[in-house]
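K.L.:
Each chain, letter by letter, is given below.
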Amino acid sequence: MNFNLEKINNFSVLTIQNERIDAHNSAELKEYLLEIIESGENQLIVQLKQVRFIDSSGLGALLFGHKQLAAKSGRFMLANIQPQVLSMFELTRLTRVFEIYADINEVLSNQP
Amino acid sequence: MCSSVIQVDVIVPSHTKYLDLIGSIGERIVKELDGYTGDREALAYQLNLVLTEATANVIKHANDDQHKDTVRISIHLQRDQLIIKVYDHGQGFDLDKVPAPDFDHPTEGGMGLFFIRSMMDSVTYTRQTEYNVLEIIKNL
Numbered sequence: 027m028n029f030n031l032e033k034i035n036n037f038s039v040l041t042i043q044n045e046r047i048d049a050h051n052s053a054e055l056k057e058y059l060l061e062i063i064e065s066g067e068n069q070l071i072v073q074l075k076q077v078r079f080i081d082s083s084g085l086g087a088l089l090f091g092h093k094q095l096a097a098k099s100g101r102f103m104l105a106n107i108q109p110q111v112l113s114m115f116e117l118t119r120l121t122r123v124f125e126i127y128a129d130i131n132e133v134l135s136n137q138p
Numbered sequence: 032m033c034s035s036v037i038q039v040d041v042i043v044p045s046h047t048k049y050l051d052l053i054g055s056i057g058e059r060i061v062k063e064l065d066g067y068t069g070d071r072e073a074l075a076y077q078l079n080l081v082l083t084e085a086t087a088n089v090i091k092h093a094n095d096d097q098h099k100d101t102v103r104i105s106i107h108l109q110r111d112q113l114i115i116k117v118y119d120h121g122q123g124f125d126l127d128k129v130p131a132p133d134f135d136h137p138t139e140g141g142m143g144l145f146f147i148r149s150m151m152d153s154v155t156y157t158r159q160t161e162y163n164v165l166e167i168i169k170n171l
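Protein chains in written order, with this note's numbering: chain E, 27 to 138; chain L, 32 to 171.
If you're looking for bench data, these hints aren't it; they were derived computationally from the structure. Keep in mind that this is a model prediction, so the values were computed, not measured. It is possible that some hints are incorrect.
Mimicking BS3-like on lysine-lysine, the simulated pairs with C-alpha atoms at most 25 Å apart in a straight line are [unchecked claim]:
(1) L:K169 x L:K116
(2) L:K62 x L:K116
(3) L:K48 x E:K56
(4) E:K33 x E:K93
(5) L:K169 x L:K128
(6) E:K33 x E:K98
(7) E:K75 x L:K48
(8) L:K116 x L:K91
(9) E:K56 x L:K91
Turn these sequences into a full structure, and let the hints guide you.
P.N.:
Following this line, the structure appears as structure tokens:
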């Protein structure tokens with residue numbers, strides 16, 4: 027998988043550069059999320075702009091990241107989700123679980 | 032509907048790297064639906080997902096030692112239906128006993144079959160002597 031990790035203000039921004047997250051690469055995504063979280067980052071934004079397909083294992087990997095960070099009282103946010111991908115979150119009602127933003131600017135402008 | 036009958040039989044190595052290929056065939060077939068009036072983008076995604084989930088299940092769980100190297104999938108497009116069959120040689124399972132996901136306490140697994148059932152019109156799993164078949168039908 028191809029990732030880009032950068033720091034914007036107090037947020038770690040992980041951009042996933044693959045078009046597809048499925049059972050072939052979701053384990054790698056989980057491992058990388060765990061690595062980031064265990065390194066002490068506790069405000070993570072995952073940008074999914076380039077992801078046009080996600081399967082159940084991909085959703086599972088993101089849910090894993092969310093749970094890991096929630097256990098550390100951190101924030102796990104998703105941004106730039108493509109419409110078809112978003113419909114997977116809606117169908118599984120994961121829109122109630124994740125903090126979902128249109129883009130990074132929306133996260134930054136919603137800071138307390 | 033006025034699409035021609037199309038039959039695609041695929042046998043791929045039992046490896047997750049081929050999920051993209053299998054899913055892409057599903058997406059591509061949507062372009063052949065001449066008279067389909069529904070949301071083509073949504074249907075393309077659904078077929079990609081259903082083929083990906085069903086094939087991944089076989090790769091992960093459902094083949095015995097003798098058949099562990101390949102997975103067979105057939106896609107049959109007829110006038111008003113798309114029929115997908117995914118074959119396995121595992122112990123099989125009872126489709127009716129697979130629970131729906133707990134949406135209030137979501138877990139990492141257990142969503143694949145839910146997607147297939149939600150998006151398609153009929154899902155059956157038949158155990159036969161030589162193999163098992165997951166048959167998925169989408170009315171067009």
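K.L.:
Compare the structure with each hint and give your call.
P.N.:
Hint check:
Between K169 (chain L) and K116 (chain L), the direct Cα distance comes to roughly 12 Å. Compliance with the 25 Å bound is thereby established for this hinted pair. For a cut-off of 25 Å, the pair hint linking K62 (chain L) to K116 (chain L) stands: about 20 Å separates their Cα positions. Of the supplied pair hints, the one linking K48 (chain L) and K56 (chain E) holds, its CA atoms being roughly 17 Å apart against a limit of 25 Å. Among the hinted pairs, K33 (chain E) with K93 (chain E) is consistent with the structure: their alpha-carbon atoms are about 21 Å apart, no more than 25 Å.
Restraint check: the Cα-Cα separation between K169 (chain L) and K128 (chain L) comes to about 22 Å, which is no more than 25 Å; the hinted pair holds. Of the pairs offered as hints, the one joining K33 (chain E) and K98 (chain E) holds, with about 19 Å between alpha carbons and a cut-off of 25 Å not exceeded. Restraint check for K75 (chain E) and K48 (chain L): the C-alpha separation of about 22 Å stays at or below 25 Å, so the hint holds. With a C-alpha separation of about 17 Å, the suggested pair K116 (chain L) and K91 (chain L) falls inside the 25 Å cut-off, and the hint holds.
Taking the CA atoms of K56 (chain E) and K91 (chain L), the gap is near 17 Å; set against the 25 Å cutoff, the hint holds.
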